[in-house]
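6 protein chains.
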Amino acid sequence: MSPARRILVINPNSNTQVTEGFSEALESLRITGGPEIECATLADGPFGIETQEHVEQVSLPLRRMVVARPDVDAFVIACYSDPGLHACREATTKPVFGIQESGILAALSRGDRVGVIALGAQSVTRHLRYIRQLGLMERLAGERPLNLSVAQSERPEAYDRLLEVGGALRDTDGADVLVLGCAGMARHRRTLEATLGLPVIDPTQAATADALAAVLLA
Amino acid sequence: MSPARRILVINPNSNTQVTEGFSEALESLRITGGPEIECATLADGPFGIETQEHVEQVSLPLRRMVVARPDVDAFVIACYSDPGLHACREATTKPVFGIQESGILAALSRGDRVGVIALGAQSVTRHLRYIRQLGLMERLAGERPLNLSVAQSERPEAYDRLLEVGGALRDTDGADVLVLGCAGMARHRRTLEATLGLPVIDPTQAATADALAAVLLA
Amino acid sequence: MSPARRILVINPNSNTQVTEGFSEALESLRITGGPEIECATLADGPFGIETQEHVEQVSLPLRRMVVARPDVDAFVIACYSDPGLHACREATTKPVFGIQESGILAALSRGDRVGVIALGAQSVTRHLRYIRQLGLMERLAGERPLNLSVAQSERPEAYDRLLEVGGALRDTDGADVLVLGCAGMARHRRTLEATLGLPVIDPTQAATADALAAVLLA
Amino acid sequence: MSPARRILVINPNSNTQVTEGFSEALESLRITGGPEIECATLADGPFGIETQEHVEQVSLPLRRMVVARPDVDAFVIACYSDPGLHACREATTKPVFGIQESGILAALSRGDRVGVIALGAQSVTRHLRYIRQLGLMERLAGERPLNLSVAQSERPEAYDRLLEVGGALRDTDGADVLVLGCAGMARHRRTLEATLGLPVIDPTQAATADALAAVLLA
Amino acid sequence: MSPARRILVINPNSNTQVTEGFSEALESLRITGGPEIECATLADGPFGIETQEHVEQVSLPLRRMVVARPDVDAFVIACYSDPGLHACREATTKPVFGIQESGILAALSRGDRVGVIALGAQSVTRHLRYIRQLGLMERLAGERPLNLSVAQSERPEAYDRLLEVGGALRDTDGADVLVLGCAGMARHRRTLEATLGLPVIDPTQAATADALAAVLLA
Amino acid sequence: MSPARRILVINPNSNTQVTEGFSEALESLRITGGPEIECATLADGPFGIETQEHVEQVSLPLRRMVVARPDVDAFVIACYSDPGLHACREATTKPVFGIQESGILAALSRGDRVGVIALGAQSVTRHLRYIRQLGLMERLAGERPLNLSVAQSERPEAYDRLLEVGGALRDTDGADVLVLGCAGMARHRRTLEATLGLPVIDPTQAATADALAAVLLA
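Residue numbers (the numbering used here), protein chains in the order written: chain X, 1 to 218; chain Y, 219 to 436; chain L, 437 to 654; chain B, 655 to 872; chain U, 873 to 1090; chain H, 1091 to 1308.
To be clear, the hints were calculated from the coordinates, so they are not data collected in a lab.
Just so you know, even glycine gets a beta-carbon here, dropped at the ideal spot from N, CA and C.
Treat the hints loosely; a few may be bogus.
List time: in silico SDA-like cross-link candidates among lysine to any residue, alpha-carbon distance up to 25 Å [said to hold, decoys possible]:
(1) X/LYS94 / X/ALA4
(2) B/LYS748 / B/PRO724
(3) B/LYS748 / B/ARG843
(4) B/LYS748 / L/LEU653
(5) L/LYS530 / Y/LEU435
(6) H/LYS1184 / X/GLN133
(7) X/LYS94 / Y/LEU435
(8) B/LYS748 / B/THR779
(9) X/LYS94 / X/GLN133
(10) U/LYS966 / B/ARG843
(11) H/LYS1184 / H/ARG1095
(12) Y/LYS312 / L/LEU653
(13) H/LYS1184 / X/LEU196
(14) U/LYS966 / U/ARG877
(15) H/LYS1184 / H/ASP1261
(16) X/LYS94 / H/ALA1284
(17) U/LYS966 / U/THR904
(18) L/LYS530 / B/ARG783
(19) Y/LYS312 / L/VAL560
(20) L/LYS530 / Y/LEU381
Have a look at the derived ranges for each label pair, beta carbon to beta carbon [said to hold, decoys possible]:
(21) Y/LEU381 / L/ALA440: 25 to 33 Å
(22) Y/ASP289 / L/PRO592: 32 to 40 Å
(23) Y/SER232 / X/GLN152: 39 to 47 Å
(24) L/GLU600 / X/GLN122: 18 to 26 Å
(25) X/THR93 / L/ALA630: 45 to 53 Å
(26) Y/THR413 / L/ALA504: 26 to 34 Å
(27) B/THR746 / L/SER450: 57 to 65 Å
Covered stretches of chain Y, going by a simulated chain L footprint (3 or more residues, C-beta under 8 Å) [unchecked claim]:
(28) 313-324
(29) 347-354
(30) 371-383
(31) 418-427
Let the hints inform the model, and build the full structure from the sequences given.
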């Protein structure tokens, strides 16, 4: 394939640490002969996407970023609220993936009932509404919040909460596959998977893998 | 009740004819002793809301309008795509109603299976996604487009298409109640209802009635 | 509008205290220039509607009451089991509202997942069957009983149980809007709403507001 | 087993020809050593159950009939609207079966997607509401009316319409099993089954078979 | 009816004690004048069906058994995983019933929300997947495992676990009818039913009753 | 990554032309630095998988093939009936993908309502049962058969039928993304996509892409 093929993974918030974090987590999807995977930060995005206002705020900037990059073959919106996803899809004939959508769909072929680990309680209602929009409620075991701020979620102690909440999703809610409901927790994926004995999906990896497939098969 | 009570019905597009049209259709909800019903136009909105981009474009301006009006007791977003609905709800403790949501919910106590008349084919997928988000698919008989532009929909001939499409929803899809899937068709409601023999819901009226109830019962 | 417009809210049980209670709760819907809201008691109804037998017993008397009142523009059946609703709808071209149906539909535009507070455990199965009939299960967080008799529910102590059960619906079941599953608890609505921090819907108010809208918009 | 075991199949309408018809269709369920199958007519029922008013009218008389027969081990309500089913169940610890419920459940182990043949168009909405109440919509291929009166349905020509409507359910709606949506069409069952090449369920037979099982296994 | 009519109930595992157990539980369905009920063991089946491998292993042997018995009028596959059900159905024009399918369908006319008692935790996911396939999730209260081996389930102490798990399904999950999720627990059915005050369905009895009905009505 | 990484794509039927066909279609997923993609034929499989018997027949041989290949990192079962999928998953800790499951899930992020093109009418019921099992019915626009034999489907004329059936799914059923319901039609994918103006998913490509992602991210 042509070396010019390129995937653009956009972090809709302005926190470059998040961008660096998932770029690292995408390293294994960067293969010789495969498309380039570029990670970008929406400079004028909020520091974190925590409210519906934040979601709305970034949707048109994301769309403009998509329009501005005709050199890109597939896009990933790397925020678990999938902001601007349909606006971006409307703006291009290239495939655009949202990490919540791709994360949950990926989970559906790795387990029967999906458990989602959210950062904060305030996002759960927004996510449930979206899972209903996707028509996937029958496969949801449950969604539980870590009740951590973005800052707290970046500390090593966050892992203990992940373990606790993931365990509750498995043992109380009956989940047999988990999705990390946030773009910034990929580094805990493997340990959590090994400790809980369940597949754990990092949604940014899942969406970028979808983009990789779309580019290779185009 | 206090004479200061007020409902603000916002037209997210900049077409003042639409605002005037629904303001007239809301006349019967303006009662002595009831709240004032003010209709406003989002001056910097697009001329019509026809794409997802238009939807995204107006959501934060709508939110700002809501925030700027602490004197208002309940809000109505008068565009059938319910743009910015959750962003507005997040910004105020006052009730905010979207006309698609209110229109369909109103239909559910007037019939068993709802038929929706959309303006253009391109909105149908967006609407279906939203009805799924509302969890109401089991009550949907179908949604069919008029295939008219906003301009065409304002001509008298539009009624013939309404009748044709409404008839198909009733006879082919089994609808026993109809919703006008657009803020600007209220003037045909009564005639259509009488001719087809089914209740026909105008969504702006339905949402404003919800606002009226919320204000009176607050 | 003509002063002759009238809504009839019928209490299907013979307990006039219940009728008086909800009539008072409907006071704010009685507005100058709006329709008259008349509350009536089904004299030969049972003292409370607690069983399926009671439900069946009142359906034809309700229908006869509807037929006997051509002067009425919209009807409300003010018992949470919505007895005789379809029989009444069949008997008139005027709109007829049931308080369970209207109460739950009203909740759907005030929150995402609905919690219902039932009087007794024996009603929960009947209500769940009905919510399934309405096609609204995806929006139900849960229904929990107060385990109080009608008599007990009228004492001030009832509020403590309301608070306890409402709290469980919010915290354990994830409800973000509540419906009072009974015609006689309106007087606790505002306090409960303020204390729990969630919208609380009184179903008789909701159905009468639906009737008000239907009459004004007819 | 005791010779005293008895199933009572009640025709809620006063048309004794219907009772005789289904009694004949139940002949093969009357086996030496099995329970007696008694067919009764609700003398004061309407001549046919065609409206919601008819449904309501017979529910308490049916309940009284159930209560009056402590000698019976299982009951069948032999009208496709399942009138009074829950009121009767509440009145006895003996099993009570409704023919719509039993007919559709029986179909679910004979095919994947069920087609229902209704007598008149006015019953279809009532039936769909009930299938939703049963939570079985995902298995419904469709329901189509014969558009025949009860009288017409008793003439030999009715078979041609059955064939036509059954064929549409199979070929257009994708049904692979059919239910006769009426208590009086059993005599066409075998021919229709052979001609269309699909299992055809007579609901009175299905419900009486359920009663037979319940009595034998009690 | 002809004395030659015969139902074949096949135990897909090679444990003849299970076959004898359910044969005894089917005694009351063997009536003078009714079809013969023959119980057979799949000699080369595994000792118990506990994994998906076991399920697959028996499906074609079951199909061959069905094909080899043209003298049989209806078949029952007596393992709660319904192995080979569709393969057998494809191989014959005679009705074939699976005990999970028939057990759950039978429960649906005896209660509103079904609780299932599974033997082991590892089967629960397989069963839930199947209930989803049946389109019956809206009627499921829950499924809980006994966490007993087949051997343990045959000891008298097993009853205590049945009672405990059945109680949790009733009190925590809201089940009002139970299904024994295994072919070998019929002997506890009546006691459990009496103690818990809920109908309890033995699935082998339910499926054989379905076969009895199909044979009698053929 | 290690050059030893390998994906095994198994054709459960013995038709090596099919294996060669999809191996060619997977060429673009074979990238320098990526895992090896080996395509194998189940030598003792039937010539085509057309019945439930064929499905059952290959499930344990597939499982044995999986067990026999500890050198493989991810497996694909390349038959649209997903035979033996759960039996294979149970036999290994490596990910196993079925092409129907992966094909439909891939479609869900490329469109809103999925249309499936089946080879023969007899598969449609089997597929619908499976989509229900996956809990994805709300996203299905429809499934329509080509009514072609495997042999016919390999001729150039097959494309005309694909176009016709795909057009009906788009225009009559409202699909906005299509899935080729068979392992052997990949060569028509791009042309069909371009002609119909909708994304068209080849399920073997989709499942192998899922395997690629799983291997890269393991």
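Inset, instruction - Hints the structure violates: just list their numbers, smallest first. - result: 3, 4, 6, 7, 8, 15, 19, 27 and 30
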